[in-house]
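Student: Quick mapping for you: the protein sequence lines, in order, are chains L and E.
Here our numbering is used: the first residue of the first sequence is 1, the next is one more, and so on.
Here our numbering is used: the first residue of the second sequence is 1001, the next is one more, and so on.
These aren't lab readings, by the way, just hints derived from the structure by calculation.
Errors might be hidden in some of the hints.
Some chain E residues flagged as far from chain L (calculated, every beta-carbon gap over 10 angstroms) [said to hold, decoys possible]:
hint : residue
1    : Cys1064
2    : Asp1398
3    : Lys1407
Distance condition first, Cα-Cα at most 20 angstroms in a straight line; then the derived SDA-like pairs of lysine to any residue [as the list claims (entries may be wrong)]:
hint : chain 1 : residue 1 : chain 2 : residue 2
4    : L       : Lys347    : E       : Gly1264
5    : L       : Lys272    : E       : Thr1345
6    : L       : Lys272    : L       : Ala258
7    : L       : Lys347    : E       : Leu1267
8    : E       : Lys1272   : L       : Thr345
9    : L       : Lys347    : E       : Gly1292
10   : L       : Lys347    : E       : Asp1234
11   : E       : Lys1347   : L       : Gly292
12   : L       : Lys347    : E       : Pro1100
13   : E       : Lys1347   : L       : Glu297
14   : E       : Lys1347   : L       : Ser263
15   : E       : Lys1407   : E       : Thr1153
16   : E       : Lys1347   : L       : Asp268
17   : L       : Lys347    : E       : Thr1345
18   : L       : Lys347    : E       : Asp1268
19   : L       : Lys424    : L       : Pro42
20   : E       : Lys1347   : L       : Thr345
21   : E       : Lys1347   : L       : Leu236
Heads up, incomplete: computed chain L residues facing chain E, CB under 7 angstroms, no partners named [said to hold, decoys possible]:
hint : residue
22   : Gln21
23   : Phe79
24   : Pro117
25   : Val118
26   : Met187
27   : Tyr192
28   : Thr199
29   : Thr206
30   : Ile276
31   : Val319
32   : Leu332
33   : Leu343
34   : Thr445
Please read these numbers as outputs of a predicted model, since none were measured by experiment.
Built from N, CA and C at the ideal position, the CB exists for glycine as well.
Protein chains: 2
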Amino acid sequence: MAGNSISNAIFTDLYELTMTQAYWQSGTTANARFSLFFRTYPPDRGYFVAAGLEDVLSYLEDFCFSEDDLAYIRSTALFQDAFLDFLRDLRFTGGVRAMPEGTIFFTDEPVLEVEGPVMEAQLAETFIINQVNLQTILATKASRVLHAARGKTLVEFAARRAHGVEAANKLARAAYIAGFAGTSNVMAGGLYGIPTFGTMAHSFITAFEDEAESFRAYARSFPDTSTFLVDTYDTLAGTRIAAEVGLEMREQGHELRAIRLDSGDMLDLSIKARAILDDADLGKVLVFASGGMDEFEVDRLLTAGAAIDGFGVGTKAGVSADAPWTDCAYKLVEYDGRPTLKLSTDKQTLAGPKQVLRYRDSQGYFDHDVIDCADESAPPAGEALLQPVMEKGVRTLDPPALADLRKTFAGEFALLPSEYKSIKSPGRFDVQISDRLSKLQADVTAGVRRRMA
Amino acid sequence: MAGNSISNAIFTDLYELTMTQAYWQSGTTANARFSLFFRTYPPDRGYFVAAGLEDVLSYLEDFCFSEDDLAYIRSTALFQDAFLDFLRDLRFTGGVRAMPEGTIFFTDEPVLEVEGPVMEAQLAETFIINQVNLQTILATKASRVLHAARGKTLVEFAARRAHGVEAANKLARAAYIAGFAGTSNVMAGGLYGIPTFGTMAHSFITAFEDEAESFRAYARSFPDTSTFLVDTYDTLAGTRIAAEVGLEMREQGHELRAIRLDSGDMLDLSIKARAILDDADLGKVLVFASGGMDEFEVDRLLTAGAAIDGFGVGTKAGVSADAPWTDCAYKLVEYDGRPTLKLSTDKQTLAGPKQVLRYRDSQGYFDHDVIDCADESAPPAGEALLQPVMEKGVRTLDPPALADLRKTFAGEFALLPSEYKSIKSPGRFDVQISDRLSKLQADVTAGVRRRMA
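Between the sequences and the hints, there should be enough to build the whole structure, so can you do that?
Tutor: Next up, the structure:
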């Protein structure tokens, strides 16, 4: 990662810097507003889970180019010295309205709006998209696995296959917000206070000449918290050995906690392993399964009656393998009080500052949303999802505890009707554009067309 | 990202720590060897491009738990105080043999072998897989786009959609090794000395009331290096405006460098935009295209005759969207001089220390590889791909210059026959197992089966 001398301010696309010089040089320095939204659902998605806001706010609070940053920028020979001096003094002085992390939202809805001098809000684009895109993808994916798991325990196991150390840590956090029990990633446990879980690897077993000896050695170190991995040579033979060692542990006053299956036909093996354990009077030893788990595999196994108590969820969920990207965008919607938009083919934007209003049915379930013009003069007609979280470059709320974000998500997810949670071909939630926003959109579009004619 | 007080040593799965305590407590502390290899090709892949070694070596050289790491590990209440003292003093004292970054390799071939006290080599598993997996995925993907681009200029544009800041930086580096001209990511430019490129965003255009005015403002700031984005309202109308401003620039002694297309039917639009520019006597203004680019789209456009001089390659390549993960594994192959393996269904490993030998045909092209037992007593029969890079915890070679890795890759890629480079359904390169490795494998398997019987 970046050394101490490089700041996150320089994590930006070169065009953000070149545009900023051109804004600055041309006097185009008024206040602007940018909206971050997701244009379309990735495959099989019917909702998104907002995540990434905490990192965005920390970034904006700390925004400041270091001398090393400036030296590198100077070395590109694209920028004027006076502009580099301007960058040296630049801080983020604007405001942010956003949906809290853990909020469920839908396409076209701004999940975050940034306002401030156009240069400040422009330079932040790359980092803001990077973090909200990644963390929303991961939280959304994790929520799908949670839904498929029907209350079974889930542990995030993807540290090794996430796209880097940073992505692994943010994955652990996103999965915890979405209801996972914890993670195998010790760094994430320390950074975020997430419970950590672990079993053993095949290497531990093969380091011993004898599988039973490897289990015994592990049990001596962890007499009350052992999970034995049973598939190194043969899953059912390994389960019988685990049962033997489990009974030895009981003689010494301890209990084996679980076995882990990691390959083969998990449906068949889980049922047979469960029977072996039950026959050995080890009915409380849990069967844990890992290897290729995602919402589709978890659903398949549980639907078919697999005897699995918990899942280690790794690679496929850790990179959101079926949907590793979105088309989220951060677009200028207002400059100097004038609503703006682009008309690019299939990439139109909604002009002006906006609010998202949620309406519920008589039982409290989400019924529909309305994207409206932001109007601070009138109380919103529904539940307003965008909340002020930063003003004049300073947070207006203390950072929420992770446990509270987890509760936010759980509360929201319980109120999302099940048709939108389907892991395949979910229903499309009703998101309406308010009349006044539609009219604004038509007016601004007509103005652009007039100027082009 | 991790604060200063957290070290990369704690980026590990909890089971690496629990196994290490059990190794330590049971006296299972002899030397071990782990092989890192990729079991299968992701869809449409016929080779891999090795990357990630530099980060692995830096991690191993710096390996040391911080006091904050240890305080967190203690807080899990799983570990003994004496073991925490052991961790405090732990450094990586082993060796690494590896293929240089930029090397082309194939399934089952160890790209890296780590040897040392089993506890040290075990704890490093998570970080090593994390980095080699990610960077190899990204370098391989980038090489496919390079192949499809037939010499056209490629710039990596995915900073905003990569999975985090770290992944974005490592993507820029991997793409540069694979032959991209550079990146839009300024932080990566500064960290690695990669050339940076930038154009302008739609927000710059919409911040001005008039598209021509926005181009003029940008050209005043960048009179000789401007690329105008032309699709904000209408691509061909925008191209005509760009041409007008380009001619104004010429009157002032400057030249417009390029236009950028970012939406719509790129084939049709590129040809029409080229004609508009040519008709305006702007034949040297380049047409640059971005938006949804990957090897498949670049190939489709160039095959169909698109008038595109260069591509901004973003999201789909930046997350390797069609193959965002691999099944790479880091497996114990030797403990205390005894070859080891696992027999898990579909996840068998090759026992013992290994070497990969490359054989070429009479014209120098890659013909086949042989995975052999590592045998330091005899000169290898072919070109040995695994080289010693670390001994007793210290690098044996200076870190290579990025420019040299780029040359390594270019040299290798030129010698890979084209059938293995096909972006769809490539041929399968011939990777053989030597007779002595086959015999070792059979002997070790038979030994395991005997013990299980």
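Student: State for each hint whether it applies.
Tutor: Hint-by-hint comparison with the structure:
1. Separation of Cys1064 (chain E) from chain L is adequate, the least Cβ-Cβ distance of about 14 angstroms exceeding the 10 angstroms criterion.
2. With a cut of 10 angstroms on Cβ distances, Asp1398 (chain E) stays outside the contact zone with chain L, its closest approach being about 19 angstroms.
3. With a minimum CB-CB distance of about 23 angstroms to chain L, Lys1407 (chain E) clears the 10 angstroms threshold, and the non-interface call stands.
4. Proximity of Lys347 (chain L) to Gly1264 (chain E) is assessed by CA-CA distance (about 9 angstroms); at most 20 angstroms being required, the pair is judged to hold.
5. Distance restraint check for Lys272 (chain L) and Thr1345 (chain E): the Cα-Cα separation of roughly 16 angstroms lies within the 20 angstroms cut-off, and the hinted pair is therefore satisfied.
6. Between Lys272 (chain L) and Ala258 (chain L), the direct Cα distance comes to roughly 15 angstroms. Compliance with the 20 angstroms bound is thereby established for this hinted pair.
7. The hinted pair formed by Lys347 (chain L) and Leu1267 (chain E) meets the criterion: a straight-line CA distance of about 18 angstroms does not exceed 20 angstroms.
8. Using a Cα cut-off of 20 angstroms, the hinted pair Lys1272 (chain E) and Thr345 (chain L) holds, with the two alpha carbons roughly 16 angstroms apart.
9. Among the hinted pairs, Lys347 (chain L) with Gly1292 (chain E) is consistent with the structure: their alpha-carbon atoms are about 12 angstroms apart, no more than 20 angstroms.
10. Between Lys347 (chain L) and Asp1234 (chain E) the CA atoms are separated by roughly 12 angstroms; this keeps the pair inside 20 angstroms, and the hint holds.
11. Between Lys1347 (chain E) and Gly292 (chain L) the CA atoms are separated by roughly 12 angstroms; this keeps the pair inside 20 angstroms, and the hint holds.
12. Distance check on the hinted pair: Lys347 (chain L) and Pro1100 (chain E) sit about 42 angstroms apart at the alpha-carbon level, beyond 20 angstroms; violated.
13. Note on Lys1347 (chain E) and Glu297 (chain L): the hinted pairing holds, with a Cα-Cα distance of about 18 angstroms set against a maximum of 20 angstroms.
14. This hinted pair checks out: Lys1347 (chain E) and Ser263 (chain L) have alpha carbons roughly 8 angstroms apart, not beyond 20 angstroms.
15. Of the supplied pair hints, the one linking Lys1407 (chain E) and Thr1153 (chain E) holds, its CA atoms being roughly 17 angstroms apart against a limit of 20 angstroms.
16. Of the supplied pair hints, the one linking Lys1347 (chain E) and Asp268 (chain L) holds, its CA atoms being roughly 18 angstroms apart against a limit of 20 angstroms.
17. With a CA separation close to 47 angstroms, the supplied pair Lys347 (chain L) and Thr1345 (chain E) exceeds the 20 angstroms bound.
18. Using a Cα cut-off of 20 angstroms, the hinted pair Lys347 (chain L) and Asp1268 (chain E) holds, with the two alpha carbons roughly 18 angstroms apart.
19. Distance check on the hinted pair: Lys424 (chain L) and Pro42 (chain L) sit about 11 angstroms apart at the alpha-carbon level, within 20 angstroms; holds.
20. The hinted pair formed by Lys1347 (chain E) and Thr345 (chain L) fails the criterion: a straight-line CA distance of about 47 angstroms is larger than 20 angstroms.
21. A threshold of 20 angstroms between alpha carbons decides the hint, and for Lys1347 (chain E) with Leu236 (chain L) the separation of about 16 angstroms falls inside it, so the pair holds.
22. The interface hint given for Gln21 (chain L) is met, as the beta carbon of that residue sits about 5 angstroms from the closest beta carbon of chain E, less than 7 angstroms.
23. For Phe79 (chain L), the interface hint is violated, since its Cβ never comes within 7 angstroms of a Cβ in chain E; the closest pair sits about 9 angstroms apart.
24. Interface hint at Pro117 (chain L): violated, since its Cβ lies 11 angstroms from the closest Cβ of chain E, which is beyond the 7 angstroms cut-off.
25. The beta carbon of Val118 (chain L) is positioned within 7 angstroms of a beta carbon in chain E (closest approach about 6 angstroms), and the interface hint is therefore held.
26. Here the hint on Met187 (chain L) is kept, as its CB sits about 4 angstroms from the closest CB of chain E, short of 7 angstroms.
27. Interface restraint check: Tyr192 (chain L) against chain E, minimum CB-CB distance 11 angstroms, threshold 7 angstroms, status violated.
28. At a threshold of 7 angstroms, the smallest CB-CB gap from Thr199 (chain L) to chain E is about 5 angstroms, leaving the interface hint in force.
29. Proximity of Thr206 (chain L) to chain E holds as hinted, the smallest CB-CB distance being about 4 angstroms (cut-off 7 angstroms).
30. The beta carbon of Ile276 (chain L) comes no nearer than 16 angstroms to any beta carbon in chain E, farther than 7 angstroms, and the hint placing it at the interface is violated.
31. A distance limit of 7 angstroms between C-beta atoms decides the matter here; for Val319 (chain L) the minimum to chain E is near 4 angstroms, and the interface restraint holds.
32. With a least beta-carbon distance of about 4 angstroms to chain E, the hint placing Leu332 (chain L) at the interface is held under the 7 angstroms criterion.
33. Hint status for Leu343 (chain L) relative to chain E: holds, with the closest Cβ pair at about 5 angstroms, below 7 angstroms.
34. Using the Cβ-Cβ criterion of 7 angstroms, the hint placing Thr445 (chain L) at the interface with chain E is not satisfied: the shortest such distance is roughly 10 angstroms.
The earlier numbered hints that this structure contradicts are 12, 17, 20, 23, 24, 27, 30 and 34.
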